[in-house]
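Could you build all of it, start to finish, from the sequences and the hints given here?
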Amino acid sequence: MVDLRAELVGRMVADGEAVVAFVGSAEEYRGAFTGSTGVPWPYCLLEWVPEETAPASVRRVLEVVRENTARLRQLIAQYGVWPGRSLVGEDGADAAWLILQHCGSGVPTIGTPENLAFQRSCLPLLEHAVRAGEAHPRHLAHIADNLHERFGEPPEYAVLASAYSVVDGRPVFTGAADLPEIDRRRTAIGLAPLSEDVRRRMLGAELWPGGGERVEPRGPGN
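Quick note on numbering: our numbering labels position 155 of the sequence shown as 155, and the sequence is numbered without any gaps.
There could be a bad hint or two in this list.
What the hints assert, rightly or not - Using C-beta positions, here's what the derived DEER-type ranges look like: (1) Val20 - Val49: 21 to 29 Å; (2) Leu203 - Thr53: 41 to 49 Å; (3) Pro124 - Ser162: 22 to 30 Å; (4) Glu7 - Val39: 36 to 44 Å; (5) Asp3 - Leu123: 24 to 32 Å; (6) Ala77 - Arg199: 35 to 43 Å; (7) Thr187 - Val49: 40 to 48 Å; (8) Glu28 - Val49: 13 to 21 Å.
If you are wondering where the hints come from, they were derived from the structure by calculation, not from laboratory data. The beta carbon of each residue, even a glycine, is placed where N, CA and C say it ideally should be.
Encoded structure:
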């Protein structure tokens, strides 16, 4: 499925280019933005009202995320499985994850109730893909933890940088966290213990699912 892989990677590239252009031009519109959302700068610009009067870079991000999300919905409906390594290759699987992760953004114009529901519906597919070696464990963990964060719930896997800070080499969570249970869940899907994440985070090492060194096993036959 070379064409499908190329399409997903192309969509991931378009997403990245749109975000870079948006962030790079944000300061030009600080004075013109009159919204009062709780979204941090510069992402609050994505809440520009009315949307049709927003800067082109803002509208482009919204357009790309919406188009990518709609296309991912189509692919899952068509194939009935998560687009994993066998179907779209390693980078295609990363791209599918990024599209799903971005549609659950904390920016309300993107992380709509419909998009969050779509994210949730993909969790069983992602879990099956991880167990079959078709997706990286962090793909599942990021989507699950993103949903918990959106609804103010404790993380399952504690893979998001926002889940905790590191103090004296130990993770300090802002809310309740059952560390033994987090490690049990991580082990169940092939993730390294939280202590390894903390160690690598202190070293400034990459841990995100779409790049950097892959520190977990890929699964059977991979």
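Are there hints from earlier that the structure breaks, and if so, what are their numbers? 4
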